[in-house]
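Asks: As numbered in this note's numbering, the sequence shown has no gaps in its residue numbers, which increase by one up to the final residue, 447.
Quick caveat, the hints were computed from the structure, so don't treat them as lab data. Check the hints yourself; a few may be wrong.
As the list claims (entries may be wrong) - In the DMTMM-like style, the derived pairs of lysine to aspartate or glutamate whose C-alpha atoms are separated by at most 25 Å in a straight line are: (1) K415 x D337; (2) K301 x D146; (3) K415 x D427; (4) K35 x D396; (5) K35 x E54; (6) K301 x D135; (7) K415 x D394; (8) K415 x D431; (9) K415 x D426; (10) K301 x D337; (11) K35 x E303; (12) K301 x D272; (13) K301 x E155; (14) K415 x D392; (15) K35 x D424; (16) K415 x D390; (17) K415 x D87; (18) K415 x D385; (19) K415 x D135; (20) K301 x D152; (21) K35 x E262; (22) K35 x D430; (23) K415 x D67; (24) K301 x D430; (25) K301 x E425; (26) K415 x D334; (27) K35 x D272; (28) K301 x E216.
As the list claims (entries may be wrong) - FRET-style restraints, in silico, Cβ to Cβ: (29) P150 x T442: 24 to 34 Å; (30) V151 x E216: 23 to 33 Å; (31) P444 x G114: 44 to 54 Å; (32) S432 x F55: 33 to 43 Å; (33) S264 x L438: 38 to 48 Å; (34) N160 x T282: 31 to 41 Å.
Backbone N, C-alpha and C fix where the C-beta goes; we use that ideal spot for every residue, glycine too.
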Amino acid sequence: MKRIIPIVIVASALVGTAVSRTLVLKNGSFEDFDPNTGIPISWIEFSNTLVSTDVVADGAVSILADFANGAFAGAFQDTVSVSGNTRVFQRCLALHPSSDPIPPGGAGTPPTAGIKLEFFPPQGIDPAPPEENLAFDANSPVDVWETVSLNTVVPADTTAARVVLISFEETDPNGNPIQPINGPVYVDSVSLSIDGGANALVNPSFESTLSGNWNSFGSGGSGAIRNQFEVPADDGVAVLKIGGDFTAGATQEVSVSAGQTFDLSAKFRSRSTGTPPNGGPYQHPAARAGVKVEWIVGSVPQPNIDIVPNANPISGTTNAIDSTDPTDVWIPLTIDYTMPAGSAALLRATILNGFGTGSGKVYYDSYEMVLTNVFDGSDTDADGDEDLHDMALLQRAYSGSGGGLKFGGLVFDHDEDDDVDDSDVSFTLSRMTGPATP
């Protein structure tokens, strides 16, 4: 299972401000590889994209994607799952040689090479357990409205909440209704205040049709419908009627953020007249009704950050090269992206040659991906600490003021001035923790 990164905001992410960083990409210089196959460790290659000693920016090898092997060639690595508002910064060097450059394009999309940031459903970010208050039961008075409330705080990683109005009906071991059959329960005046704000629910008193806002659920003829005739409404002229032999109700989803207060309430009622299950009291001692909230982990951002022109343009990001770029020089490619609020995803780092026509080579080296403001310091291996391993890599990455970024320096460049200098060293040393686990 992929490592899950907990998000703790510790500093601003503005240029010129000290920004904590965590490196999450493994073997970005491709130095570790299978000597029998040439495939770099931790990477999955396609179209015979292997390590090469032809030209290198760091260490002894780079990785070569050759258009001769197919219109699309490259390699990718799945890293970590993160949630909304996480900043993801990628940097990689790319070179196409004058001996076999990226060719100009024809009528279609021109051959292009670069780095991608792809988003997949998050792994290991499980929703928090649901919470409920099923306080309406056979002991509740009939023919009067009773308030049932649930007051809580939105859990970490949560981006949406499913509000559930529910009548829970017990069944026997064979799944059959338990006698005596219950009468229906009625609901009105549903209210949800998030951080003390106005009601976040649509159609909270069921004055209009349920379609498009409330979703009924139930089986065996059970369910929730709008009703205007059987009981007096608490607000307006309509109520929600939940009835049948089995558990049933209605749901509505709302957007939320971790840490927000969540105050949910609704009025519940049963009636003394009529015959179950269409009328009569809510009478079975095992049945109960009330409010419930189911927490939802965020949606996957769309679209991916791709090498297709204008696929998902980001200000300040240059993540692709083509035939117009200079040959025989290492060109820095970058992606600087902040996950939208309410999102969550597994992050995939990809190097890719695309739309090839049979010629052209591109070498990639010194690929790094960091998350900012996850760990308060410089965490080079995403283990949640600063220890001697991180200090050793700091020594290697140090370049001095104006000295540029060596491979491995991105995680230490806390003032974002494209070098690892004395201020970055001070920032890192002052946050040394030692190993998180002995």
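Asks: Against which earlier hints does the structure fall short, listed by number upward?
Replies: 10, 11, 19, 21, 24, 25, 27 and 29
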